[in-house]
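The listed protein sequences correspond, in order, to chains E and A. Using our numbering, the first residue of the first sequence is number 28, and each one after it goes up by one. Using our numbering, the first residue of the second sequence is number 1413, and each one after it goes up by one.
In case anyone wonders, no lab produced these hints; they're calculated from the structure. Treat the hints with care, since some could be wrong.
Beta-carbon label-pair distances, calculated as ranges [said to hold, decoys possible]:
1) A/F1704 / E/S104: 19 to 27 Å
2) E/N97 / A/F1785: 54 to 62 Å
3) E/Y40 / A/L1798: 34 to 42 Å
4) A/F1785 / E/K102: 43 to 51 Å
5) E/K215 / A/L1801: 40 to 48 Å
6) E/G159 / A/R1751: 38 to 46 Å
7) A/L1689 / E/K85: 39 to 47 Å
8) E/N96 / A/I1682: 56 to 64 Å
9) E/S143 / A/F1785: 37 to 45 Å
10) E/K102 / A/L1798: 23 to 31 Å
Every value quoted in this text rests on a predicted model; they were computed, and no experiment measured them. The beta carbon of each residue, even a glycine, is placed where N, CA and C say it ideally should be.
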Amino acid sequence: MSIVKTSSLSKIYNPDTVPVHALKDVSVSFEKGEFTTIVGPSGSGKTTLLNMLGGLDKPTSGTVEVDGNNITGMKDSALIDFRLQNIGFVFQHYNLIPVFTALENVSFIMLLRNRSKAEMDERAKALLEAVGLGDRFDARPKQLSGGQQQRVAVARALASGPKFILADEPTANLDSASAMNLLDIMEKMNREQNITFIFSTHDQRVIDRARRVVTMVDGAIHSDERVGEAVNG
Amino acid sequence: MKMILTIAWRNIWRHPGRSGVLIAAIIAGLWAGVVTVGTMNGLLHQRVNYLIESEITHLQVHHPEFLTERRPADTLSSTAALFRFLDEDSRVQAWAPRVLADAMLQSPVKTSGVRVRGLDPQREINTTTFHERVTEGSYLNTEGIRNPVLLGEALLEQHRLRIGNRIVLTFETAEGELTSAAFNIVGQFRSASTEYDETTVLVRASDLARHLSEVPLYHEAGVLLYDIDDAPALAEALNAAFPEIRAQTWTEISPELSTLVQLGGLMLYIVTMIIMLALAFGILNTMLMALFERMREIGMLLSIGMSRVRIFMMIVLEAVLLTLTGAAAGFALALLSIRHFSASGINFEMFAEGTAELGWDHLVFPILSTGEFVSIGLIVIFVTLLASLYPAIKATKTSVIQ
Ligand SMILES: Nc1ncnc2c1ncn2[C@@H]1O[C@H](COP(=O)(O)OP(=O)(O)OP(=O)(O)O)[C@@H](O)[C@H]1O
Ligand SMILES: [Mg+2]
C-alpha cells in the first residue's frame, strides 16, 4: 500500500482574482522506503505538491491520502496533530527555533508529542549523532553552518517517527559539499532505517542521488522514472 | 508547558534592547507610580492623623445645635453624668472638655477675629498632641499667671506681639452680653496650618467659662479612644444615653477629612490607570513587533505540528514573563524606596513654606498597604494578559504556508 497518494489533485491560487493553476489533476503515489525527488522548472508546482502531501495547504479539488487516511477534509487543528504524528518536514530555511539549541530543537518535537524526558533526550542525542552533530548538542542555530542547520532539521524531522519526510529544496542554500553531505545522511537514513523521503531540488547532482525522479511541468507530472535498484521493491 | 515557558523566556531576550526598554519602562512606571501613591497616601494619612490627634480626636460631644449656630448658650447639659460615662467606658482612653467662643482680639496694633479654645491643660495633654506644637513659652498649665493665653506664631507676628505682652479679648457671654477681659501671652505655637495659627488662641477652660457665665459650662468634649474603629459604636451609645447632646465621630465632625481619605483612594486609582494604560500599549506594541518578525517561524511551528493553543500560550507567556520581570524589579525597587522613606520620611522642606500654608507637614512618610501592593500587582498581570490577547490571537491565525 502506498504511504501517501494523491488523486486528481488540482490547486488553483487566487481563483477569484488572477487564477493560477499550480497543480492540474495530479495523481501520484509514493511507497514506503522510496527516495524520491520532485524536479521541474521554477513555478512548475513542486512546492505546491509537497505542501499538499504534507497537509500544509488544501487542494481546490482531488484528495490526498496518507496511509489510507484522507487528509483533505480534515479540520485545521486535526491536521496539525496529524502532521505531528505522521509527517516530518525539512524546509529550505526558517527550519529551526532560533532560541533553542540543536538538542532542544530535536527534543522539541517529541515534547509536542508528550514523550518522557529521558526517552526524548536519549533519542535526540542519538539522532544528532546520526547526522554527524554529536559534538554540537548545545549550539544554537546561529552558531551552526547552513548545512549543519539542515542536518539538525533532518534529525528533528526524524525525531517524531514520521511515516515519511518531506523536504522542499533542502539543499538550495547549501554549498555543494554540504549539499552532498546532507544527501549522504538522508540516503543513509533511507537505506538503514527505511525512511521514506520526498524532496524537491534544482540541483542535478542531488537529482542523481534519487532513486525515483518525478518531473513536473506546468502543474502536471511530465515524467516519473525509477532509477537504480529500489530498496524494498 | 515547561518547553513553552523556555521558548517564551528566550524569545524575550532575542531583542535585549527592545525588551530591555519595555522592562525599564515598566520598572520606572511602577516605581514612580507606587512611590507617588505611597507618598500621597502618607501625606493624607499624616494630615488626617495630625488633625485627629492634635485637636479633633475620635469622637466629639456637643449641644445638638452648637456646631451650626455656635451660640455661647448652647452648652453641654448633664455634664456630670456624661463625664462619668466617659470615665467609666472601657473604650475611652482619655477625654478633654472644652469651652469655645468667637472673640475679637485687640492689641495696640490692630483688631482681629479669633476663635478662642478654652482647654483643660492636663486633660488636653492626655487626649491630644497639640501641646507638642508649642514652640516657645509654656502650655497653659503655668501657675501664678492670671488668664494665660497662647497665640499662633503667625498671629503674634501680625500683631507684633511677644510672650509677656497682654491682649484683650472681647466676646459674647451666655446671656448675650459683650464682655472683655485681658489675657497674658505665655507662649506661642505653630501648627501645620498657617491659617489655623492666624485665627486660633488657646486659654484655660476655667478662665473662659468664668467670663462667659456665672456657672461652669462646657461646649465640647473631645474623646480619644483606644481603637478609632470603636467611634461609631460609642457615638451611638452616647446618643442613646444622652438625648440632649449630640456625639459625632471624626468623619461626621470633619467630613472633609473622610473626603481626603477617599481622595487618596481616587489618586491610587488614577495613577494605576495611567500606568496600566501605558503598560498595555507597551506590551501590545512590543508583542506585535515580535509577531511580525516571527511570522515565518510561527508558520514553521504550525507546520511541524505545534498546536495553535500552544502558539497562543507561547505569546501570552512571553508577554507575561516580560511584564513580570519588569514588575518584579519595579515592585522590589518601590518596596525598598517606600521602606526607606517610611522610616526617614521624604523631606519636602524646600516647599515647606507652601506646604505649611496648605496645612501639610513637610516631612512625609509614604504608606502603602499590602493589600494595595497586591492589588496593583494583580492588575499588572491582568492588564498584561489582556494586552497580549490580541497579539496571541493574531499569532494563532498565522498561515502555515510561508
Ligand atoms: N500563495 C500563492 N499564491 C498565488 N500563486 C502562487 C502561490 N504559491 C505559488 N503560486 C504559483 O503557483 C505556481 C507554482 O508554484 P510553486 O511554488 O509550487 O512552484 P515551484 O515548482 O516550487 O517553483 P520553485 O522551483 O521556484 O520553487 C507558480 O506559478 C506560483 O507563482
Ligand atoms: Mg518551490
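Going through the hints against the structure:
| no. | hint | result |
| --- | --- | --- |
| 1 | A/F1704 / E/S104: 19 to 27 Å | holds, 24 Å |
| 2 | E/N97 / A/F1785: 54 to 62 Å | holds, 58 Å |
| 3 | E/Y40 / A/L1798: 34 to 42 Å | holds, 37 Å |
| 4 | A/F1785 / E/K102: 43 to 51 Å | holds, 46 Å |
| 5 | E/K215 / A/L1801: 40 to 48 Å | holds, 47 Å |
| 6 | E/G159 / A/R1751: 38 to 46 Å | violated, 57 Å |
| 7 | A/L1689 / E/K85: 39 to 47 Å | holds, 42 Å |
| 8 | E/N96 / A/I1682: 56 to 64 Å | holds, 59 Å |
| 9 | E/S143 / A/F1785: 37 to 45 Å | holds, 41 Å |
| 10 | E/K102 / A/L1798: 23 to 31 Å | holds, 29 Å |
Hint compliance for this structure: hint 6 alone is broken.
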